[in-house]
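Peer 1: Sequence:
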Amino acid sequence: MDSTQPTTLDAAAVAATPGAQRRVLVVEDDATIADAIAARLRAEGFQVRTAGDGPAAVETAASWQPDLLVLDVMLPGYDGLEVCRRVQASRPVPVLMLTARDDETDMLVGLGVGADDYMTKPFSLRELVARVHVLLRRVERATIAARDPRGANMQLGDLEIDNAQRRVRVRGADVHLTPTEFDLLVCLAQQPRAVLSREQLLAEVWDWADASGTRTVDSHVKALRRKIGAERIRTVHGVGYALETPTP
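Here my numbering is used: the first residue of the sequence shown is 24, the next is one more, and so on.
Hints are computed from structural coordinates only; laboratory data are not their basis.
Hints should not be assumed to be uniformly reliable.
To be verified - Derived Cβ-Cβ restraints for the label pairs, each shown as a range: (1) ARG160 <-> GLY180: 30 to 40 Å; (2) GLY261 <-> GLY100: 40 to 50 Å; (3) PRO145 <-> GLY195: 38 to 48 Å; (4) ARG216 <-> GLY195: 39 to 49 Å; (5) PRO78 <-> PRO215: 43 to 53 Å; (6) PRO145 <-> SER86: 24 to 34 Å; (7) PRO115 <-> ARG194: 21 to 31 Å; (8) GLN213 <-> PRO78: 36 to 46 Å; (9) ARG249 <-> ASN176: 15 to 25 Å; (10) ARG194 <-> ARG164: 26 to 36 Å; (11) ARG190 <-> GLY100: 26 to 36 Å; (12) ALA85 <-> ARG65: 16 to 26 Å; (13) PRO99 <-> ARG65: 17 to 27 Å; (14) ARG164 <-> HIS199: 17 to 27 Å.
Remember, predicted model here, so these are calculated numbers, not experimental data.
Glycine is no exception: its CB is placed at the ideal position from the N, C-alpha and C atoms.
Turn these sequences into a full structure, and let the hints steer you where they fit.
Peer 2: Quick look at the structure:
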């Protein structure tokens, strides 16, 4: 973990959104890493608690009600995937997952159980803090949008997107999406059939744009396809993705 490595995110955008006493639960069994993350987040103005195993993480999340989890995959008791399942089942909360291996299968499994973003160890503390800010800003925007009576629904064939309630239905059945997956779907649905580049999606959904982050887009698209149907999102190789819609 390198606390001096330059971040790929926009530092100005990070500075514009202070911690403002938001609560972050850091779940990591390596005390050195946990303490380093906690210290950096506290310096940004966050309230931070740590947990070193799965059961403690679930208990703390239930009693303390954090605004975000920084969650390692490999934990004693039960792993981070199970922690994510249990926490999300009782209360939706954004999750930044930490993985020890740069393995796409692990990333897809993590996204599938409700994680919103992931980072592979070793990582930059500056970038971790930036990702935390981005996730919380998106939650704030979603809360504001949900209160806006002008939020219109989008109907694309048998795919229905309810912006106000942030709900998605396919053939009348509810589909559970993470906040990131919902924002990604809305971004594609706002320009149906138009090809959006990975860089465009990073800028609009994640609030940052850098070629090194395009794999993040690919992994989230794969997770989204599993939930709404692979045929609905078309890949344009070397460019990006488009949401397919029924022919009028």
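Peer 1: Each hint should be assessed against the structure and marked as holding or not.
Peer 2: So, going through the hints one by one against the coordinates:
no., hint, result
1, ARG160 <-> GLY180: 30 to 40 Å, "holds (31 Å)"
2, GLY261 <-> GLY100: 40 to 50 Å, "holds (44 Å)"
3, PRO145 <-> GLY195: 38 to 48 Å, "holds (46 Å)"
4, ARG216 <-> GLY195: 39 to 49 Å, "violated (23 Å)"
5, PRO78 <-> PRO215: 43 to 53 Å, "holds (45 Å)"
6, PRO145 <-> SER86: 24 to 34 Å, "holds (31 Å)"
7, PRO115 <-> ARG194: 21 to 31 Å, "holds (23 Å)"
8, GLN213 <-> PRO78: 36 to 46 Å, "holds (42 Å)"
9, ARG249 <-> ASN176: 15 to 25 Å, "holds (23 Å)"
10, ARG194 <-> ARG164: 26 to 36 Å, "holds (28 Å)"
11, ARG190 <-> GLY100: 26 to 36 Å, "holds (33 Å)"
12, ALA85 <-> ARG65: 16 to 26 Å, "holds (22 Å)"
13, PRO99 <-> ARG65: 17 to 27 Å, "holds (25 Å)"
14, ARG164 <-> HIS199: 17 to 27 Å, "holds (20 Å)"
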